[in-house]
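Heads up: the protein sequence lines correspond to chains H and P, in order. For the first sequence, our numbering assigns the number -17 to the initial residue and increments by one for each residue that follows. For the second sequence, our numbering assigns the number 283 to the initial residue and increments by one for each residue that follows.
If you are wondering where the hints come from, they were derived from the structure by calculation, not from laboratory data. Take these hints with a grain of salt, some might be off.
Unchecked claim - Examples of chain H residues lying across from chain P (beta carbon under 8 Å, computed):
1. Ser16
2. Ser20
3. Ser23
4. Phe24
5. Ser32
6. Asp35
7. Asn36
8. Gly37
9. Val55
10. Pro57
11. Ser92
12. Asp95
Stated by the list, open to error - Okay, derived cross-link-like pairs now, DSS-like style, lysine-lysine, Cα gap no bigger than 30 Å in a straight line:
13. H:Lys12 to P:Lys406
14. H:Lys83 to H:Lys4
15. P:Lys362 to H:Lys4
16. H:Lys83 to P:Lys406
17. H:Lys(-13) to P:Lys354
18. H:Lys12 to H:Lys(-13)
19. H:Lys83 to P:Lys363
20. P:Lys354 to H:Lys12
21. P:Lys302 to P:Lys363
Quick caveat, the model's predicted, so the values are computed rather than measured. Just so it is clear, CB atoms sit at the ideal spot from N, CA and C, and this is done for glycine as well.
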Amino acid sequence: MALGKIKADTLEHSTAGSLDTKFVVEGSAKAHASYAGSGTSFSSSFNCSSAVDNGAGKYSVNLSSALSATAQVTPIGSCNVNGDSSTTATTTIVVSTSAYKTNTSNDQGSFTDAAGVFSVLMGDLA
Amino acid sequence: MTVTPEFQGTHLFDRLCWAKENLEPHQSDYRVVYEDSVDECAKILVPDPNWMACALQGGILPPVQVYWELAKDEAQPDFKKHTRGYLLHNTEPVEAMTEEQALEYLIMKDCPQHVWRDWDSGNKPKLVICRKEQLPATREWRNAWKISEDLATDETVAA
């Protein structure tokens, strides 16, 4: 990546209109993580320093570049279902400006390891 | 060897973008096992490969004390948003670390302070660094895992 800069406040299309670049900056994902639910080894990630296996179906991700605030942050999570059990629900919550948690559970509501856990984080950086 | 640009003053997020593009991720064989509550099972911290590449490269990550300062701000009852985020970007980045030093940094950044500040006090270990092969091979009874009180380095640590 070159370290040059293009500075612009607005992007304008010839027919489709214009877009304030703050929507691009503020609307981009600030972190993502993809890891195995059993063992938490990362397969893909950005802006993460570590993942923590907190127990069956309970995970947290620590960030390298912190968010500015916990309010107005949107974490989104999903998981792969296991072949031998139905992991159906994923809950992702922000616990601080530098960490968020993802829980995966089965259709009885019990925390259960998922084959894969995926999450992205939207919000402003500190 | 890839040379790290002069990053002091560059937003940390931009440095991570540079690292993602220029550095090979480093999958660590090490895991940090810790217990932060007697009522909960042992937790296992896994270093991120991209983060580890940054730590080994040097000149990218801020000193760990910066994260402590931000955590102090966040712990204030009237905290709404960070106003000292510049500490992440303007503080001189740390030099290249060995994998061992990187793990120590990561423990001090991502583990609760009450765990690592007095990790060797008390009547049983609260934190241990191990190889991933030393963890149990299956997830059976995962919610009951505790750090073994017998910390022989060639045996399973959490069981």
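Hint check results:
no. : hint                   : result
1   : Ser16                  : violated (11 Å)
2   : Ser20                  : holds (5 Å)
3   : Ser23                  : holds (6 Å)
4   : Phe24                  : holds (6 Å)
5   : Ser32                  : holds (5 Å)
6   : Asp35                  : holds (4 Å)
7   : Asn36                  : holds (5 Å)
8   : Gly37                  : holds (5 Å)
9   : Val55                  : violated (11 Å)
10  : Pro57                  : violated (17 Å)
11  : Ser92                  : violated (10 Å)
12  : Asp95                  : holds (6 Å)
13  : H:Lys12 to P:Lys406    : violated (39 Å)
14  : H:Lys83 to H:Lys4      : holds (28 Å)
15  : P:Lys362 to H:Lys4     : holds (21 Å)
16  : H:Lys83 to P:Lys406    : holds (27 Å)
17  : H:Lys(-13) to P:Lys354 : violated (34 Å)
18  : H:Lys12 to H:Lys(-13)  : holds (19 Å)
19  : H:Lys83 to P:Lys363    : holds (20 Å)
20  : P:Lys354 to H:Lys12    : holds (23 Å)
21  : P:Lys302 to P:Lys363   : holds (27 Å)
Of the numbered hints listed earlier, those contradicted by the structure are 1, 9, 10, 11, 13 and 17.
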